[in-house]
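Quick note, the sequences are listed as chains L and C, same order. In this text, residue positions in the first sequence follow the numbering used here: the first is -15, and each later residue adds one. In this text, residue positions in the second sequence follow the numbering used here: the first is 244, and each later residue adds one.
Keep in mind that the hints were calculated from the coordinates and are not lab data. The model shown is predicted, which means the values in this text are computed figures rather than measured ones. Each hint should be verified, as a subset may be incorrect.
Here are the simulated distance ranges between beta carbons [stated by the list, open to error]:
(1) L/Arg196 <-> C/Val580: 35 to 45 Å
(2) L/Met(-15) <-> C/Asn470: 51 to 61 Å
(3) C/Arg663 <-> L/Gln10: 52 to 62 Å
(4) L/Glu(-4) <-> C/Leu377: 32 to 42 Å
(5) C/Lys319 <-> L/Glu361: 29 to 39 Å
(6) L/Glu56 <-> C/Phe442: 15 to 25 Å
(7) L/Pro87 <-> C/Val580: 36 to 46 Å
(8) L/Thr64 <-> C/Gly431: 40 to 50 Å
(9) L/Gly158 <-> C/Ala303: 43 to 53 Å
(10) L/Thr64 <-> C/Ala303: 26 to 36 Å
(11) L/Pro260 <-> C/Gly431: 36 to 46 Å
(12) C/Phe442 <-> L/Ser123: 35 to 45 Å
With the Cβ distance kept under 8 Å, some of the chain L side facing chain C (calculated, not the full set) [as the list claims (entries may be wrong)]:
(13) Asn81
(14) Cys89
(15) Asp90
(16) Glu113
(17) Ser161
(18) Asn166
(19) Thr167
(20) Thr258
Derived lysine to aspartate or glutamate pairs resembling EDC-like cross-links, with alpha carbons at most 20 Å apart [as the list claims (entries may be wrong)]:
(21) C/Lys450 <-> L/Asp147
(22) L/Lys108 <-> C/Asp641
(23) C/Lys432 <-> L/Glu35
(24) C/Lys614 <-> L/Glu157
(25) C/Lys365 <-> C/Glu427
(26) L/Lys400 <-> L/Asp416
(27) L/Lys66 <-> C/Glu502
(28) C/Lys525 <-> C/Glu515
(29) L/Lys(-13) <-> L/Glu35
(30) C/Lys525 <-> C/Glu502
(31) L/Lys151 <-> C/Asp621
(32) L/Lys122 <-> L/Asp147
(33) C/Lys432 <-> L/Asp416
(34) L/Lys120 <-> L/Glu104
(35) C/Lys245 <-> C/Glu427
(36) C/Lys439 <-> L/Glu35
(37) C/Lys245 <-> C/Asp641
(38) L/Lys150 <-> L/Glu174
(39) C/Lys476 <-> C/Glu515
(40) L/Lys66 <-> L/Glu35
Think of the CB as a built atom: it goes at the ideal place given N, C-alpha and C, for glycine as much as any other residue.
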Amino acid sequence: MTKIQINGREVEADPKQPLIRACHDQGVDVPMYCYHPGLAPVGSCRICQVEVAAAPGQPSRVVAACRTPVSEGMVVSTDTPKAHDTRRECLEFLLKNHPLDCPICDKAGECDLQDYSFNEGQGKGRSSEPRRKLEKRKSLGDVIVLDEERCILCSRCVRFFTDVTKKAQLTVEGLGSRSVINTYMDKPLEGNYQGNLADICPVGALTSKKFRFQARVWNLSKTLSTCGECSRGCSISVEALRAKEVKRLRPRYNAAVNQWWMCDTGRHALAPLTRPLAPEGAVLGGRLRGAAVRGYNGLELADDVAALDLAADMLAAHPGAAVIVSPFATQEEAKAALALAQALKATPQFVSPAPNGLKDDLLHTGDPCPNRRGLVEQGFTALEPAAALAALAAAPAAVLAGERVLEFLGHEGLAKLPTKLRLVAFDVETSDIPALDVVFPVPTHVEKSGHWVNVDGHVGVLNVAVPPPSGVRRLDAQLAALAAKLAATPARS
Amino acid sequence: MKDFPKYLLNRVGLPQSHTLATYRAEGGYRAIEDVLKKPWTPEQVIGVMKDSGLRGRGGAGFPTGMKWSFMPDITKDPRPRYLAVNADESEPGTCKDRVLMEKDPHGLIEGCLIACFAMRAKAAYIYVRGEYRLSYNRLQAAIDEARAAGLVGKNILGTDFSCDIWMHKGAGAYICGEETGLMESLEGKRGHPRPKPPFPAGSGLWKSPTTVNNVESIFNAPFIVRNGAEWFKSMGVPKSTGNFLLGISGHVNKPGVYELPFGLTARQIIDEVAGGVWKGRKLKAFFPGGSSTGLLPASMVDVVMDHDSVKAAGSMFGTAAMIILDETASIPQVMDVTARFYDHESCGQCSQCREGTQWLHQIFRRIAHGKGQMSDLDLLVSLSNGMAPAKTICALADAAAIPTLAAVKHFRHEFEECIRLGRDPLRNESQHAPELHEAHA
């Protein structure tokens, strides 16, 4: 470590990192546009200029912090009039041709240019020249749309493809003030990581087609969570409009798992999190509103306690039940399922769908089981959907538990199960499965807290981002209640 | 003007001066022969270059020998090393290297060999401005000729010294004449200058130690090696030694490229070398070293033309490309044209340069077309101070800002008059005057 002085404070800095990192590590705010910790620095936007002297008392000069290595004894000042002036000048140039359409810009509220203009900029522009007129909505493929007027040519997006995915797709086209970002030969962008461009773009030039005009970002609540689309378990932020409706999933920095990135499959997996409720009084056609039991007219909504009694009775009357959980089951749910399996003398198992072919070199593992490693470590056995259905067909009774467990087993296969099977399920939604006797609603993984263990053994945290529908209880509590009820029910048969 | 010894252009007037036969007949390739067969050590070559006091002729005036000595020690750093010769002569007003490449290409080749020997470089790359077709063809023919004669390639002159020389054509971008932009372009990328550090001597072409030299600097090397540092120092002034090539253009009677010693005044050069201001008119202003150097008014015509004196006068010696403006020239129009060049040629990486060069051009253009405001002049100064000095990756922003500051400083009254009258009193309507809002392609 190298000893340097930042704003009068003696600190230690990593000599392998540029000066801007040392400043950020110390909580000293230095603005940046072209610099991104995950990309090779180019030092082109010049907004990160700070005043630096080689040693105390030495003459100082203004340098770009992202391209300046730290050196022993260096004296850095970010807050001097000279540093502020240089940055303000730079900002004025950046704003010269910027359209200032913040009121209709998706980035407003989380835009670096807006933030630093507010902090450092002057209230009045000095340019009376016409602003550049360029393409306002240029499609760059299925995921991203480019607004050339807003672009400040920081080239982060260009470097994302060269540095991160290692396949160049974007470039700067033209020279000087005529420069624009474009794909090679106007081809649409491809690959599973395009969504990251909207995150790293420091302004509103690259926006997500899916999120465009969906919400103003200051109305979004942000909750730390983990992505469930594969066993990588990328750290994400679940962003919900007024803490109710999930609008956007974004990666959250995690050095050990996904760094700054996530794939588009995970980013766009909003459908399972925003399923509408079933119509009032109905069981099918949407998320379960409450427990349901099979009556004369098929599945009917029922009282929770009565349904639990019925489930316990059935399981007590038909020993030898199978216990199969969802690959989305959290560690806590798995623990409760394990206790239930012990009470039923069953082998704990989980549905393990086949790899989905999305595996790549960057993040996606291709394995759709976010908690595979955690479940295996707790003693669960992986079971292919076909094998699970065969086991169910042969079993007298079964408990299927966890978010989307029925979906992973396959509704078609489940529908063919013999009706003599006594089937108890816990899921977010169900279809009309003839064998299904009792079904309880569960929260999705953005509606509960818990933990998943990813493919490398890192623990991913789940938090409550949006409240579950009223009356939907945690799965682990429901499984524990069922186990308790079972213990209190005398064995028959 | 008293007589002075000449050496740079001695072969240029000879018939078939670009051929190996003529070059040999004039004592060509003796310097490299001497270096290889005596033999000299690379350190000795660098030593004599340092002692000669030769300052780079590409604009910055950095001592060439010193630059060569920055290459890392071969015993500690085994990476291959390269020489890149900057022949991307595109500064408005500069036209000196072209003469050397077209008329005396073997002189440059011999210079490359000496430089490569001194820096232990395995190859030299000559980056020629794309528009210089004849230079390119002549140089390529000369390299082929030299290669056939065993002067380029493996085991030169039967010694164990091997060195290749390759040519590369630019594609018309001024920025590729900036040394790091040139290296990017040579590597096949966009000519975006690289931030320094790392400097080329540490990490240049293909991340290997590289030295980038101007054509004329390299061309001087064989003369210095053959005649010694003392001979070289006997010419010029103490801190700017040797002769230089002056390219003089604009409103003079005899524009052209001349070989001159350092130490003449601008007045001497204009009147005695270039035959005086044309049409019997008076001098108004001159760029001492190309359009990137600050404009000087006629009152400063007695400035001595060497690196330090021109700098003291508030401008730069640059590439010694003097552009002379007579009393009928309109400074707002001159600046409109100059600013348009930098707006067009900025690479677009740095915010200040990309937006600033365009902004300066827009303002100058309005003033030259009679649509300026008095506040524009202070804005020009303020913007230029925001762009320079050394606030960007390369010096293109400085090159746009420095002439702006100089023009506003020395000719403020002329801009003010344009603004007051709402038209340029010196505008010659018969000249091509692009429309105010014409979009530049």
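Verification of the hints:
1. A C-beta distance of roughly 44 Å is found between L/Arg196 and C/Val580, which places it inside the suggested range of 35 to 45 Å.
2. Range check, L/Met(-15) to C/Asn470: about 54 Å between beta-carbon atoms, so the 51 to 61 Å window is met.
3. For C/Arg663 and L/Gln10, the Cβ-Cβ distance of about 54 Å falls inside the hinted range of 52 to 62 Å, so the restraint holds.
4. The hinted range of 32 to 42 Å is not satisfied by L/Glu(-4) and C/Leu377, whose Cβ atoms lie roughly 59 Å apart.
5. In this structure, C/Lys319 and L/Glu361 break the distance hint of 29 to 39 Å, their C-beta atoms being roughly 52 Å apart.
6. Our hint of 15 to 25 Å for L/Glu56 and C/Phe442 holds, since their Cβ atoms are close to 20 Å apart.
7. The beta-carbon spacing between L/Pro87 and C/Val580, approximately 40 Å, falls within the hinted interval of 36 to 46 Å.
8. At roughly 42 Å, the beta-carbon separation of L/Thr64 and C/Gly431 lies within the given 40 to 50 Å, and the hint holds.
9. Hint check: L/Gly158 to C/Ala303, Cβ distance near 28 Å, so the stated range 43 to 53 Å is violated.
10. For the hinted restraint 26 to 36 Å between L/Thr64 and C/Ala303, the CB-CB distance of approximately 29 Å keeps it satisfied.
11. For L/Pro260 and C/Gly431, the Cβ-Cβ distance of about 54 Å falls outside the hinted range of 36 to 46 Å, so the restraint is violated.
12. Between C/Phe442 and L/Ser123 the beta carbon distance is about 42 Å. The supplied range of 35 to 45 Å therefore holds.
13. Checking L/Asn81 against chain C: minimum C-beta separation of about 6 Å stays under 8 Å; hint holds.
14. The beta carbon of L/Cys89 comes no nearer than 19 Å to any beta carbon in chain C, farther than 8 Å, and the hint placing it at the interface is violated.
15. The closest approach between the C-beta of L/Asp90 and any C-beta of chain C is roughly 23 Å, which is over the 8 Å cut-off, so the hint fails.
16. Hint on L/Glu113 holds. Least Cβ distance to chain C is approximately 4 Å, under the 8 Å limit.
17. Interface hint at L/Ser161: satisfied, since its Cβ lies 4 Å from the closest Cβ of chain C, which is below the 8 Å cut-off.
18. Checking L/Asn166 against chain C: minimum C-beta separation of about 13 Å lies over 8 Å; hint violated.
19. Against a cut-off of 8 Å between C-beta atoms, the interface hint on L/Thr167 is violated, since the closest Cβ of chain C lies about 15 Å away.
20. The criterion of a C-beta within 8 Å of any C-beta in chain C is not met by L/Thr258, whose closest approach is roughly 40 Å, and the hint is violated.
21. With a C-alpha separation of about 17 Å, the suggested pairing of C/Lys450 with L/Asp147 holds against the 20 Å cut-off.
22. The hinted pair formed by L/Lys108 and C/Asp641 fails the criterion: a straight-line CA distance of about 26 Å is larger than 20 Å.
23. For the hint linking C/Lys432 to L/Glu35, the alpha-carbon distance of about 32 Å lies beyond 20 Å, and the restraint is violated.
24. With a C-alpha separation of about 32 Å, the suggested pair C/Lys614 and L/Glu157 falls outside the 20 Å cut-off, and the hint is violated.
25. As the CA atoms of C/Lys365 and C/Glu427 are separated by approximately 19 Å, the hinted pair is consistent with the 20 Å bound.
26. A hinted pair counts as satisfied when its Cα atoms are at most 20 Å apart, and L/Lys400 with L/Asp416 qualifies at roughly 11 Å.
27. Taking the CA atoms of L/Lys66 and C/Glu502, the gap is near 45 Å; set against the 20 Å cutoff, the hint is violated.
28. Restraint check for C/Lys525 and C/Glu515: the C-alpha separation of about 15 Å stays at or below 20 Å, so the hint holds.
29. At roughly 17 Å between alpha-carbon atoms, L/Lys(-13) and L/Glu35 fall within 20 Å of each other, so this suggested pair holds.
30. Simply put, C/Lys525 and C/Glu502 have alpha-carbon atoms about 25 Å apart, too far for the 20 Å limit, and the pair is violated.
31. Straight-line distance between C-alpha atoms of L/Lys151 and C/Asp621 comes to about 47 Å, which puts the hinted pair past the 20 Å bound.
32. With a C-alpha separation of about 24 Å, the suggested pairing of L/Lys122 with L/Asp147 is violated against the 20 Å cut-off.
33. About 61 Å separates the Cα atoms of C/Lys432 and L/Asp416, which puts this hinted pair outside 20 Å; it is violated.
34. About 27 Å separates the Cα atoms of L/Lys120 and L/Glu104, which puts this hinted pair outside 20 Å; it is violated.
35. Distance check on the hinted pair: C/Lys245 and C/Glu427 sit about 45 Å apart at the alpha-carbon level, beyond 20 Å; violated.
36. As the CA atoms of C/Lys439 and L/Glu35 are separated by approximately 17 Å, the hinted pair is consistent with the 20 Å bound.
37. With a C-alpha separation of about 37 Å, the suggested pair C/Lys245 and C/Asp641 falls outside the 20 Å cut-off, and the hint is violated.
38. Annotation: proposed proximity of L/Lys150 to L/Glu174 holds, straight-line Cα distance about 13 Å (limit 20 Å).
39. At most 20 Å may separate the alpha-carbon atoms for a hinted pair to count; C/Lys476 and C/Glu515 exceed this at roughly 24 Å.
40. The suggested pairing of L/Lys66 with L/Glu35 holds, with an alpha-carbon distance near 7 Å, which does not exceed 20 Å.
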